[in-house]
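There are 2 protein chains.
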Amino acid sequence: MSLPQLFSEEHSADVVAASFENTPDPRLKQVLSSLVRHLHAFVKDVELTEDEWGVAIDFLTRTGQMSNDVRQEFILLSDVLGVSMLVETINHRTYGASTESTVLGPFHMVESPRREVGDNIALDDKGTPCLVSGQVTGPEGEPLAGASVDVWQTNEDGFYDVQQPGIQPAGNLRGLFTADEQGRFWFRSVVPRHYPIPDDGPVGQLLAATSRHPHRPAHLHFIVAAPGYRPVTTHVFVADSPYLDSDAVFGVKESLIRAVPEVDDPARASGAGLPNPFRTLTFDITLLRADQARPAAQPAQVQPTLVRGASGVMS
Amino acid sequence: MSLPQLFSEEHSADVVAASFENTPDPRLKQVLSSLVRHLHAFVKDVELTEDEWGVAIDFLTRTGQMSNDVRQEFILLSDVLGVSMLVETINHRTYGASTESTVLGPFHMVESPRREVGDNIALDDKGTPCLVSGQVTGPEGEPLAGASVDVWQTNEDGFYDVQQPGIQPAGNLRGLFTADEQGRFWFRSVVPRHYPIPDDGPVGQLLAATSRHPHRPAHLHFIVAAPGYRPVTTHVFVADSPYLDSDAVFGVKESLIRAVPEVDDPARASGAGLPNPFRTLTFDITLLRADQARPAAQPAQVQPTLVRGASGVMS
Numbered sequence: 013m014s015l016p017q018l019f020s021e022e023h024s025a026d027v028v029a030a031s032f033e034n035t036p037d038p039r040l041k042q043v044l045s046s047l048v049r050h051l052h053a054f055v056k057d058v059e060l061t062e063d064e065w066g067v068a069i070d071f072l073t074r075t076g077q078m079s080n081d082v083r084q085e086f087i088l089l090s091d092v093l094g095v096s097m098l099v100e101t102i103n104h105r106t107y108g109a110s111t112e113s114t115v116l117g118p119f120h121m122v123e124s125p126r127r128e129v130g131d132n133i134a135l136d137d138k139g140t141p142c143l144v145s146g147q148v149t150g151p152e153g154e155p156l157a158g159a160s161v162d163v164w165q166t167n168e169d170g171f172y173d174v175q176q177p178g179i180q181p182a183g184n185l186r187g188l189f190t191a192d193e194q195g196r197f198w199f200r201s202v203v204p205r206h207y208p209i210p211d212d213g214p215v216g217q218l219l220a221a222t223s224r225h226p227h228r229p230a231h232l233h234f235i236v237a238a239p240g241y242r243p244v245t246t247h248v249f250v251a252d253s254p255y256l257d258s259d260a261v262f263g264v265k266e267s268l269i270r271a272v273p274e275v276d277d278p279a280r281a282s283g284a285g286l287p288n289p290f291r292t293l294t295f296d297i298t299l300l301r302a303d304q305a306r307p308a309a310q311p312a313q314v315q316p317t318l319v320r321g322a323s324g325v326m327s
Numbered sequence: 013m014s015l016p017q018l019f020s021e022e023h024s025a026d027v028v029a030a031s032f033e034n035t036p037d038p039r040l041k042q043v044l045s046s047l048v049r050h051l052h053a054f055v056k057d058v059e060l061t062e063d064e065w066g067v068a069i070d071f072l073t074r075t076g077q078m079s080n081d082v083r084q085e086f087i088l089l090s091d092v093l094g095v096s097m098l099v100e101t102i103n104h105r106t107y108g109a110s111t112e113s114t115v116l117g118p119f120h121m122v123e124s125p126r127r128e129v130g131d132n133i134a135l136d137d138k139g140t141p142c143l144v145s146g147q148v149t150g151p152e153g154e155p156l157a158g159a160s161v162d163v164w165q166t167n168e169d170g171f172y173d174v175q176q177p178g179i180q181p182a183g184n185l186r187g188l189f190t191a192d193e194q195g196r197f198w199f200r201s202v203v204p205r206h207y208p209i210p211d212d213g214p215v216g217q218l219l220a221a222t223s224r225h226p227h228r229p230a231h232l233h234f235i236v237a238a239p240g241y242r243p244v245t246t247h248v249f250v251a252d253s254p255y256l257d258s259d260a261v262f263g264v265k266e267s268l269i270r271a272v273p274e275v276d277d278p279a280r281a282s283g284a285g286l287p288n289p290f291r292t293l294t295f296d297i298t299l300l301r302a303d304q305a306r307p308a309a310q311p312a313q314v315q316p317t318l319v320r321g322a323s324g325v326m327s
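Chains A and B supply the protein sequences, listed in that same order.
One gets my numbering by counting positions in the first sequence from 1 and adding 12 to each.
One gets my numbering by counting positions in the second sequence from 1 and adding 12 to each.
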């Protein structure tokens, strides 16, 4: 038996990483080796005490046990630690060439009802009427006729329909639209509301212990897709919403924020089938071509410039 | 709203760490900030895909849900990733001044029955008879009269009594002894056996996917304590056991390995109340004084020398 194979504080990560040496799947081996190195570096950095380790074991156990068919507490944990957003961002780099993505969230659990452009998706007679519209294009500005535009949002009380079965009409504030020949879509809705993520479990306890609020700023979810192009999962955020600078799940990107101005124009209101005055939200979406190479990570000093460029293109 | 507060791939860890800025408990703030930095560095290092993230969420959820009153799958996960051993080692640094610690393990769930030195703890008439003995001293070699010596081990089939209720007699292969005036203890037992950790859950799946076996080398657990001294939780490992260089939970330290030689001496056997021949296991234990400062981490290049010194003191 050779000494270096035995555990020591100094070599702990090497020893554990070596135990994965015979992993048949090279990617699994890579991921686990990296995980072990970062996990051990964390424990050493803070010199985690045995009591703290016990608290962590208990917290993780309760997080698993809080999860069921309609509640995924580990996704919430990933969300509030910014991990969901980081994975999303790494896997959908755009660098100004297309609409930025953000988290899917847990409320796209039902298929959105098919609707015609112009339809009203607000079925519960609450909230501030809003005309939502936009155009779906490719990276050179080519209109994507027939693109599918899947949207969902909270009602005036800050809840999705699936959170209030029997209170909200089924399919309230959801819709699957098909863009017209010019890639354009429009529909009637209400201004979305900010809302808290579920905070009655371990993740809520973590937020409370760290004086963090559980709220997400007001947003409208989109999944936009067209044949031959990469789909995007994203939100548009309401520019005057509270919590825009402190989203509990870190989903806000500057390029995704839009003002929702009031329009006072009886003729336009009447034409759109809305009461006067009403609000308007415009969100154009650009998709990458499916055959475009996935952008790689850029050197840190180059990235912010490119991202600001993106914001200019989008708004 | 200022740009730096919004999430970006480049600044992700800063943005999330900043969200913990108002945490009232400074230690919690420190631990979470460090956790976030290491977790995000891991995700970036491997460019974790969305599918892999989903597998991780599912794995962690099942790990929580596998746990109950008699099974703690998250501790097992911590064990097979070397985290339990790292936490144990960081919190019980010895640098040659005392017996090294190792993991407590999950099987010290019952109080050990009080026994007199010389008693036989093997109640199931199985296994290879073994005389276990040792002396408990302080750092200057002073004998610790009346030290408590709590021991537990597997039987010949590789199970602890609590794993086989109704099959093994209650309290089989456990004992709480009081050392004599010279700090000496001795008792009759059998040579411990190697055994697998529970591998019918998510952690077992992880081991299988990485071609790792679930076994721990043969060992005897000790918790040794004396008033005015720091208690130690440790094992003594059997030198000719399989898996000594590949303990599934990384618990082996060189200073804790002992040969278990056979003694063929009818007079000694008769005196000890054992059949001839029998095996002997000698494990002397040195405790730090309670008022001794907890040793701090040493520079990496100094540490191996000190650890080898410890091994010389102990064996």
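Some hints here could point you the wrong way.
Identical copies carry no separate label here, and so any pair may be met within one copy or between two of them.
[Said to hold, decoys possible] Okay, derived cross-link-like pairs now, SDA-like style, lysine to any residue, Cα gap no bigger than 25 Å in a straight line:
id, residue 1, residue 2
1, LYS41, THR292
2, LYS41, LEU219
3, LYS56, ALA30
4, LYS41, GLN176
5, LYS138, GLU59
6, LYS41, LEU188
Think of the hints as simulated: they come from the structure by calculation, not from any bench.
In this text, all values refer to a predicted model and were calculated from it rather than measured experimentally.
The hints, checked one at a time:
{"no.": "1", "hint": "LYS41 to THR292", "in the structure": "neither (51 Å within a copy, 42 Å between copies)"}
{"no.": "2", "hint": "LYS41 to LEU219", "in the structure": "between (33 Å within a copy, 12 Å between copies)"}
{"no.": "3", "hint": "LYS56 to ALA30", "in the structure": "both (19 Å within a copy, 21 Å between copies)"}
{"no.": "4", "hint": "LYS41 to GLN176", "in the structure": "neither (44 Å within a copy, 36 Å between copies)"}
{"no.": "5", "hint": "LYS138 to GLU59", "in the structure": "neither (53 Å within a copy, 43 Å between copies)"}
{"no.": "6", "hint": "LYS41 to LEU188", "in the structure": "neither (41 Å within a copy, 43 Å between copies)"}
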